[in-house]
Amino acid sequence: MDILIEFFSLQDPNIRFVLAGTILLGISAGALGCFAILRRRALVGDAVAHSILPGVCLAFIVAGGKDPFMLILGAFVFGLLSMVAMDFISRNSRISPDASIGMVLSVFFGFGVVLLTFIQSTGYIDQSGLDDFLFGQAAALVGEDVLVFGGLSLLILLITILVFKELKMVSFDPSYALSIGYPVKMIEFLLALLMVLTITAGIQAVGVVLMASMLIIPAAAARYWTDSLHIMLIIAAGVGALSGVTGSFISYTAPAMPTGPWMVVSTALIFFLSFLLAPGRGEIARFIQKKKLSQRVACENILKTLYAMEEEDGRFDRVRPWKELRQRRHLTKHRMKRVVSYLLKRQLIEYFPGPPEGYVLTETGRREAKRLVRVHRLWEKYLNQQLQIAEDHVHDDAESMEHLINSEIEAELRKSLGSPELDPHKSKIPYEQESKPKTGGGGS
Amino acid sequence: MITSTGWILITGILVASSCALVGTFLVMRKMSLMGDAISHAVLPGIVIAFLLTASRNTFPMLVGAGFFGLLTVWLTEELSKKGRIFHDASMGIVFTTLFAIGVILISLFTGNIDLDQECVLYGEIAYVPWDLWIWRGVNMGPRPVWILGMVLLVNITFITLMYKELKTYSFSPQMAATLGLPVGLIHYGLMGMVSFTTIASFESVGAILVVALLIVPPATAYLLTDRLHRLLLLAVLLGVLSAVGGYYLALWINSSIAGAIAVVNGLQFTLVFVLSPRYGLLGRWLAGRNISRTDSGMINQPASK
Chain A
591 MDILIEFFSL QDPNIRFVLA GTILLGISAG ALGCFAILRR RALVGDAVAH SILPGVCLAF
651 IVAGGKDPFM LILGAFVFGL LSMVAMDFIS RNSRISPDAS IGMVLSVFFG FGVVLLTFIQ
711 STGYIDQSGL DDFLFGQAAA LVGEDVLVFG GLSLLILLIT ILVFKELKMV SFDPSYALSI
771 GYPVKMIEFL LALLMVLTIT AGIQAVGVVL MASMLIIPAA AARYWTDSLH IMLIIAAGVG
831 ALSGVTGSFI SYTAPAMPTG PWMVVSTALI FFLSFLLAPG RGEIARFIQK KKLSQRVACE
891 NILKTLYAME EEDGRFDRVR PWKELRQRRH LTKHRMKRVV SYLLKRQLIE YFPGPPEGYV
951 LTETGRREAK RLVRVHRLWE KYLNQQLQIA EDHVHDDAES MEHLINSEIE AELRKSLGSP
1011 ELDPHKSKIP YEQESKPKTG GGGS
Chain B
44 MITSTGWILI TGILVASSCA LVGTFLVMRK MSLMGDAISH AVLPGIVIAF LLTASRNTFP
104 MLVGAGFFGL LTVWLTEELS KKGRIFHDAS MGIVFTTLFA IGVILISLFT GNIDLDQECV
164 LYGEIAYVPW DLWIWRGVNM GPRPVWILGM VLLVNITFIT LMYKELKTYS FSPQMAATLG
224 LPVGLIHYGL MGMVSFTTIA SFESVGAILV VALLIVPPAT AYLLTDRLHR LLLLAVLLGV
284 LSAVGGYYLA LWINSSIAGA IAVVNGLQFT LVFVLSPRYG LLGRWLAGRN ISRTDSGMIN
344 QPASK
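Line order of the protein sequences matches chains A and B.
Position one of the first sequence corresponds to residue 591 (the numbering used here), numbered consecutively onward.
Position one of the second sequence corresponds to residue 44 (the numbering used here), numbered consecutively onward.
Chain A extracted, bound-state conformation (with noise of 0.2 Å):
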């Protein structure tokens, strides 16, 4: 707990830096992973990361040591020239877009790893820093490098504000964006740029080799809890903000975890729990969705079958026994107890102790079966008339589209149609007797 308060006091000087430094990478990484995995990109992100090694190791030879401007822009020719080269690659050639990445990817960071030992073999003094891009070292980031890496990373926000309605266009629709005189080329060139140096500012902090997740995941997190762009990009700014903290945090307990594996770890958690929990896509959700639905579509055909029988022989009063209900539904005994208690509970049907013993569709639950039974036979008319299909291969199309059809469709479909009477099979469709089309009950 006092670790927790020294903590986030931040008393100690280097813990404002350490988390100023990670939130704003996680911040910018976050927002502009986005257009990444929006624009199937997301690999991409993590080549130039690798290709931005020999850069580094050549501005540290040029300047001699360790020089934040100097190495942001070594790192910043390398991550450009890695980006036209596998655009390069895959326009000019028959050579994949994947096999292009890796292909640039790894030959560049073989570069880097070459210059890399070349420079501990002269024996440069200061160069134990260097070490710390591949795997990054966010604990010794010191004032001056917070102050140029964290500049970098608000000057990339301010764009992606400034011209995020451009960046948008483009990363969903490019043809539209160019038809409507859009500078597509331009717009394209600009999001390499600031993906380039959202990739420069991130890797004194997580390391050239996991630069990748920074920009992929809270982007791919994100995607779970909403549908629009701009709510995505804060979405995924806060969770890369949210793993600079646990990263930073988990560090300064143990000194001798790495920060950066760490912020990884934490947005990959964050990313299953997403997964699982986000309403609407989330895994759970989905889960509930598809068991409602299959109760529901259960149900309905009770009903249906009550109704086949009623129409089989014309008597609106006997009771129903609930074995036959279930043989002509196939459905298990625990399914079946299920949906017939829920028929009773929303007074769909009744049920009689007898002798004979059995169920009987209520008022309304005649009504709710009518139009069930009536949406399938216009949706058979429908696919036998307008669409051609023989009469004898539309009855398993309408056993699913009558659970989906509601009142606005069955009303489209009784105008284009003009209410026949009977259906292709010469049944009579049961219309209401005022004629009002209504949705009833069934929970739809």
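Honestly, the hints are just simulated from the structure, not real lab data.
Take these hints with a grain of salt, some might be off.
Said to hold, decoys possible - Simulated coverage check for chain A against chain B, where a stretch passes if three residues somewhere in it have a Cβ under 8 Å from a Cβ of chain B:
hint	region
1	643–654
2	682–696
3	781–792
4	797–803
5	860–874
Every residue gets a Cβ at the ideal spot worked out from N, C-alpha and C, and that includes glycine.
Once you have looked at the hints, place chain B on chain A.
Just chain B now, with coordinates in the frame of chain A:
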């Protein structure tokens, strides 16, 4: 007696050949980055095997790494399907997370592990001659050479036995499926080979060089020929050349051998990319001049004769 230079060259040649063989199918299947993902994601497997056996014994490491290699392939596909995200993004999520976990494990047990993340990234082929296999008191030569030789043998056997199936599958998995070939089996067989090769290789040459040797020689060869068997042979040849060339380059400038091999790979590709008679820049430019210039569509099409 083979000198240490000889052993290093033999190791390089074995790695290059194995990687080129399986890499060809990866490049054809447009799954090049699977090698990258696997080579990073096996790190936790290696660390766990190391912790459990408390030794740098190769066999448990191979098992641990193999498990994580196939886990990566499986997780990537499941996440992409279940989570409804693009394949590349799901691969990026899986392998970076696993790699981060590996780095954390190393820092956690840093006291009792003589293993560091740098050696995983760029290996040290120069130490191969001293990693000897002593069997019943007899010096059998460097252990990596035996393991890599085994891997190469398995790869050659697999490709020879399954040549037709692999060929069909790598050009069109849909067609392979319609022909009734066991596509799932071929896919996981190939992925298993990639994992196996990656793991056995990167102990000596590191993760990044494995990626270079998996992708660059086959991609280079792909600009020179259209026949699968020639593609395989050319890729092996280019890989072996780069291994030998890289070794002497590294000797000359006193640098990492793995890095130098990757650089030679890059140079080979650049040369072929410019000069290849049919698919290179020059060849396409010449072909473009011969064919009617009004046909602007030709600029982006491979020039076929």
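8 Å C-beta criterion, at least three residues: is the region 781–792 of chain A covered by chain B:
violated (count 0)
Using C-beta distances, would you say chain B covers the region 797–803 of chain A, given that this needs three or more residues below 8 Å?
holds (count 4)
With a cut-off of 8 Å between beta carbons, are at least three residues of the region 860–874 of chain A near chain B?
holds (count 4)
Has the region 682–696 of chain A got at least three residues whose CB is nearer than 8 Å to a CB belonging to chain B?
Answer holds; 13 residues pass the 8 Å Cβ test.
How does the region 643–654 of chain A fare against chain B when you require at least three residues with a CB closer than 8 Å, holds or violated?
Our answer is that it is violated, as 0 residues pass the Cβ test (under 8 Å) against chain B, missing three.
Hint compliance for this structure: hints 1, 3 are not met, and every other hint is.
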